[in-house]
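Chains as they are written, first to last, in this note's numbering: chain A, 1 to 199; chain B, 1001 to 1199; chain C, 2001 to 2225; chain D, 3001 to 3225.
It should be emphasised that the hints constitute simulated quantities derived from the structure, not laboratory data. You can take every hint at face value.
Computed beta-carbon distance windows for the label pairs: (1) A:Glu147 <-> C:Ile2048: 38 to 44 Å; (2) A:Thr45 <-> D:Arg3041: 20 to 26 Å; (3) A:Thr43 <-> D:Glu3099: 27 to 33 Å; (4) C:Gly2014 <-> B:Asn1081: 38 to 44 Å.
Positions of the beta carbon are idealized from the N, C-alpha and C atoms, including for glycine.
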Amino acid sequence: MGKYHPNVEEYVVSRVRALESLLLEKGLLTPDMVDRVVARYATDTGPMYGARAVARAWVNPAFRQRLLTETTAALAELGLNYTELVVVENTPAVHNVVVCTLCSCYPWPVLGLPPTWYKLPAYRSRTVVEPRAVLREFGLVIGEEREIRVWDSSAEVRYMVLPLAPLGAEELSEEQLIPLVTRDSMIGVADVHAPAMAR
Amino acid sequence: MGKYHPNVEEYVVSRVRALESLLLEKGLLTPDMVDRVVARYATDTGPMYGARAVARAWVNPAFRQRLLTETTAALAELGLNYTELVVVENTPAVHNVVVCTLCSCYPWPVLGLPPTWYKLPAYRSRTVVEPRAVLREFGLVIGEEREIRVWDSSAEVRYMVLPLAPLGAEELSEEQLIPLVTRDSMIGVADVHAPAMAR
Amino acid sequence: MDGIHDLGGMQGFGPVLREANELTFHADWEAHVLAISEATRGKGVMNIDEFRHGIERMDAAHYLESSYYEHWLDGISRVLIEKGVISAKDLEKRAVFFEEHPDSPATAAIHGQLPEPVVFERRGPPGFRREASAPPKFKPGDAVVTRVTHPRGHTRLAQYARGRRGVVASMRGVYVFPDTNAHGLGEDPQPLYSVAFEAKELWGEDAEPNQRTFIDLWEQYLLPA
Amino acid sequence: MDGIHDLGGMQGFGPVLREANELTFHADWEAHVLAISEATRGKGVMNIDEFRHGIERMDAAHYLESSYYEHWLDGISRVLIEKGVISAKDLEKRAVFFEEHPDSPATAAIHGQLPEPVVFERRGPPGFRREASAPPKFKPGDAVVTRVTHPRGHTRLAQYARGRRGVVASMRGVYVFPDTNAHGLGEDPQPLYSVAFEAKELWGEDAEPNQRTFIDLWEQYLLPA
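With the sequences and hints as input, model every part of the structure.
Here it is, written out as structure tokens:
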């Protein structure tokens, strides 16, 4: 966009093709690799693993404990091989929210592709300095008596929030809970709502 | 420029006219005021007062002293009413350079309209942190044995550099010296060169 | 505020590009912006700190891509709208008119006669210097440290100079305080000092050698070191 | 480096804008950029720190105006050119070709057969974790203060977190050090700590109440407080 290229699509697409063709020519990339990545991301499963981990933690206290303290082992139980995740739990006294101020680090294996807003300057700049104001814009009001912990992903560690279970969660099964667990709740910009309250 | 307006001139000109017409309509601006400013700046005299002050300081030690310590009075001798100037002098041991990192403060009454580079991000950002590298780009090499003093004009005080007199200056009169004193030398990004060496 | 205007030390802008034989004035509209600036500031419609704070709140990418005089235009417009002197809607409508009539002068959009020039009562004395109301807290040679603050509003304490140790080089006088004056909170005049900082104190070990930076700082920015 | 990427605390970007029912993938070319990224990083052509530093050196206005995947494209291209894997001239020529042939696939610019895929010898072990070579200097509960530095090269110590006091919350393990690894200066593995900072320590009196920020910081960024 902007002065760099009035038509962003045309400018960028031609540069992507140019780079791709040079790498193909040098054997650094193969058409097969490109096809695989395109197919994988076109069928992005979203926050599938994250939602299942959260739902299981709500119904299974032992799994919850493992998810928080032996995270890699807990994720392996779900069939996911991922060694860099730290899970931070919301409590009545603490609300957690995740950001990456220096780039846009995000736990892709558990949450899928990141939303655009997570990668834009407004979220990256403001979340560390005025998290309550940012969360209010997401419709989430955190009272002053509740501590906010902001996790700035500056290294290779990735963060996921374990949200508070919604009212009535104890009546529901893991499978029934999974669809309630949104991506946004695991970034920390939303609560999880019970079915009747889900927006 | 950029995504804000593909055609900068058209976008800006229409907005300037719009604002001007609203202010005319409210009596906050008169056509006469606009004409006066346009005429004044179209005939900008450049660094006229600055160059005369520097040239006189070189030939007249008493004036030099006043220029450095009673600046407002010294400028009044040149016919200029300007109360906010501080003059900093270059010596064999010290080189001075002026910048405004927060906006583009500049001593207009003594130096005329500021050059574009003075107002752009590259000069404003770099001059405080790597002045030697910036000055080298201007063709001015300051050895490590010579202190560099950067003046960041963060308040209403304005700065002007009194450059070192060029070789052979003692042979020349104030009037002969004036044309040698460049705007850049009074910002501190150039030396003053004797006529034979002038570039 | 910690805005894009606070450029000291920021990397990523490449070399300082100069035009050969640059014209200091590039286009006629720049002079008109100057006239508008003089009129609004000279008449006390806005003070210099409100003006600067208006510019600082530009969209960051727009700020980097636009010229000095366009900054002025944008900042002045913002403050005039906030003060209710003009409305955003009127400004937009007029801009559309002049886009459609690119060769018309500013008076073309005005119906009827121009009014008598408005005469303003200046609020307070002119200029920036004020009488001292208390003795200065610091004197030349005093070691000081700048405050660590991230005010959401206007300030003239640049980020690169916060929490840094320096030495008072001289006292400049008593000046209107921008941090309050930009927000209608009064002039709060206080001593202004020229403070010298060693480059290594500002930038750490990667600093250039044998360099000091002198910054004009209001008393409230400073603590004894 | 103190670049535009270091956004923590910067003002001037307005509200967080969200798209309703956003597609996570917006265009086919984004997947191609991902494939290029995986190929160049997976094969050891560039490491993650070189990649990030490539992005940080974008023109600042361009950075603010372009999308995440365009950042990647720009950063990867920069590093590949610097490493001599491709030339800027070839890239420019190819880009012009595809501007003129907008419907052609990437293979259309290639004459002759595609080569056998290049097999790279990995330099060093995969991933970011390494064995400890010395005991960690800090333990949970220790008071630390971050260094005041303005390195001209890559760092993961954000400006808002420099010269600030915090408490070690936990030790994450031993990790490759980005500040050297981005510049071909070796992996220099060292302990990585999660350090907790009170909001008031980071932002001063204007901070929001009852807030802490946890940042992962390498041992070399920290001093005992």
